[in-house]
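Okay, here's what each chain looks like letter by letter:
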Amino acid sequence: MDLLASPEQEEIAATVAAFCAEHLSIRQLRSRIGEAAAVDPATWARLAELGWFGLGLGADQGGAGYSVVEEAFMFRELGRCLAPGPVLGAVLGARVAAACGDATRCRSILAGEALVAFGDPDAGAVVGPRLDGRLLLLDAPGSDYVVVCDTSGAALLAIGEVGPLQRLDSLDPGVRLATAEVSDLAPLHFVDAATEPVGLRAQVLVAAEAAGIAEATRDISVAYALARQQFGKPIGAHQAVKHRCADMAVAAVAASAQAFFAALALDRSSPDAAFQCASATFVATTAAMGNATRNISNHGGLGFTWEHDAHLYLKRAHLLEALLGGRAAHLRELLDAPGPLTV
Amino acid sequence: MDFDFSDEELAFREEVRTWLAEHVPADKAPEDGPAMRDYDLAWQRTQYDGGWAGISWPVQFGGRGLSTIEQLIWFEEYARAGAPSIGANFVGINHAGPTLIARASDGQRAAHLPPILRGDVVWCQGFSEPGAGSDLAGLQTRGEIDGDELVVTGSKVWTSFANLADYQELLVRTDRDAPKHKGITWIICDMRSPGIEVRPIRTMNRTAHFSEVFYDEVRIPLANVVGGLNEGWSVAMSTLSFERGTGFMADQVELARTVDDLIALARTTTGPDGRRPAIADEEVARRLATARAEVAALRAMTYASVSRNLRQQTPGPEASISKVFYAELQQRVGRLAMDILGHAAFDLVHDPLVGEGWPAWYLRGYGVSMGGGTPDIQRNIIAERVLGLPR
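Residue numbers (our numbering), protein chains in the order written: chain P, 1 to 343; chain Y, 1001 to 1391.
Pulled out of the complex, with its shape left as it was, chain P reads as follows (with noise of 0.2 Å):
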């Protein structure tokens, strides 16, 4: 048993945050307000040619061999820099054609020739070898398909194959948002979570990327707190907001151990892994609204301007919270799950 990470997740990790530095930071997410895809190709062969959207897939399926713990380092550190990009419909997307045969359609997928939306299915939507209701589309824009998900299942559908898109005037502007209906549709692919547990991966990802959101706006604020003066000292040391900078580690610290305990539980398919995932996700998406919200408090003024990026994580924040379900689906999900003592 150990819950830190070994170097080479640590490199994995580290690898991804100097990219994302590089060629994903805010500053391009900023840059490209108003663009029709959220991140330019050349970028997107980019992350192709890296690997990232087959890391946890086998090598005989195109992928790296890595496990749902490293797409979760590799989620926390897209979290905490807001990368704007369809990743999560690409290693989900990949996922359901790989575990449904479809060897070809996978490896487009992984060498970033298809795109994929996420598509998050409203309440009441139903996510079965036929779907129906309506759905939340992420980057739909250039995407040839759209995965959607739930916790009975995963499919993975043509996008033309989706009603009309509703094009949204996106609260996220790192995220391209549009709605869509779809009826008793028969998607390309369906995988029951028995078979492949996609809806319990979308779980962990997304708390690992509220996480890493968790994780980014404490160390902004930290950083603000020293550098800022008034009163003749930074403002980190007096403890209303010191205090708040330590209720953000608190968060940042719970969401982290959480989602990383259970991507474990997931890989290791524990008895416990639904409840595991439902509380990962609970818990970092309530920690990096918690924290998107105390930054914006830290700062100020400042933390209410469009020039500052305050605004950007608490709209990301809002995003993870309200995918999968949201909070009400999660709770429901952790009441009635056998917990680690029932198992």
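I should point out that these hints are in silico values taken from the structure, not numbers from a laboratory. Hints may be right or wrong, so weigh each one.
Okay, the calculated bits of chain Y under chain P, using three or more residues with CB under 8 Å as the criterion [claimed, not checked]: (1) 1289 to 1297; (2) 1377 to 1385.
Listed next, with one range per pair, are the computed distances between beta-carbon atoms [unchecked claim]: (3) D1261/Y <-> A240/P: 36 to 46 Å; (4) A45/P <-> R1385/Y: 56 to 66 Å; (5) S1067/Y <-> L168/P: 52 to 62 Å; (6) G1051/Y <-> R46/P: 51 to 61 Å; (7) G1051/Y <-> D336/P: 33 to 43 Å.
Virtual Cβ for every residue (Gly too), placed ideally from N, Cα, C.
We have chain P; now place chain Y onto it with these hints.
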């Protein structure tokens, strides 16, 4: 990063589970007083006879010498078995004992460690004073050297189980001219010494685990000084870092069981609508689910701390993060228990057969959050020593 236990660790878990199933007392601990002392010492003796006393203590000092992972397994099984909380043995096993191991002379260790392990004696802690709480180094209880004795005058407060204790780990000021951290001495005080008066403090949950202790020219042999005259601050810190490290592991693990017990209670207690069980109430259900998720995170944090501990040995300031998370979560769970109970929450039933009961447990939480440093002090530690913010 992995969550795999070795065959030895799995076998160890089986061994612990079997032993606890056969030995955990059927009756619950009395809430305080001499009956509690007898109960707690008898349970310590049972663990000693079974070879489980001092699980974290080195083998050479009579302990079990378990690794941090094995300790965690022990605490998990301990909570699962519903074994009694450590009670009056807390200071001896978790504070004074480890401090003596770290800093005492061979003679002091030989005299004091075996009785602690066997459940012969109760220890208490004389650290806080009316004028020195969070600012512990400001303590004023005086120790004047007179021949081969230290003559102690002053008072201590928040001393758990002082009324039941045989010995005390006592901090006194022995050099009033030195900087405040440099003039303190850690000494073993026999609680039966003439000049000691113990006045129990009743707390909001009606028990009297705490006391005030008054010292009127109490004569303690200088031979009882541990770690050298005026070295007491560093001796005390070795205890506190333990307390903020694995010392709370048992409580953190136990909270998971408590939340599951509360869910069971919510299934059998009539809810706010007077018809359905409490768990059918949307708000109760959400709060229970939230608590369950947060207990899961607490467990993940504990495992992460254990992992860090295995690599670095001594617990760092990061332990304050778990402590803050735990203290606030415990209070939320207590508050939720009160809401589930409805009018029954107003009956402070202290049936020794069922333990302290939910309302008293809830009230005790207000004290639990203060133990080992208030949440505000823990936040200072996190901000200054983990995040690097200025003092």
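Against the structure, the hints come out as follows:
{"no.": "1", "hint": "1289 to 1297", "result": "holds (count 7)"}
{"no.": "2", "hint": "1377 to 1385", "result": "holds (count 6)"}
{"no.": "3", "hint": "D1261/Y <-> A240/P: 36 to 46 Å", "result": "37 Å, holds"}
{"no.": "4", "hint": "A45/P <-> R1385/Y: 56 to 66 Å", "result": "45 Å, violated"}
{"no.": "5", "hint": "S1067/Y <-> L168/P: 52 to 62 Å", "result": "54 Å, holds"}
{"no.": "6", "hint": "G1051/Y <-> R46/P: 51 to 61 Å", "result": "60 Å, holds"}
{"no.": "7", "hint": "G1051/Y <-> D336/P: 33 to 43 Å", "result": "40 Å, holds"}
In this structure, the one hint that does not hold is number 4.
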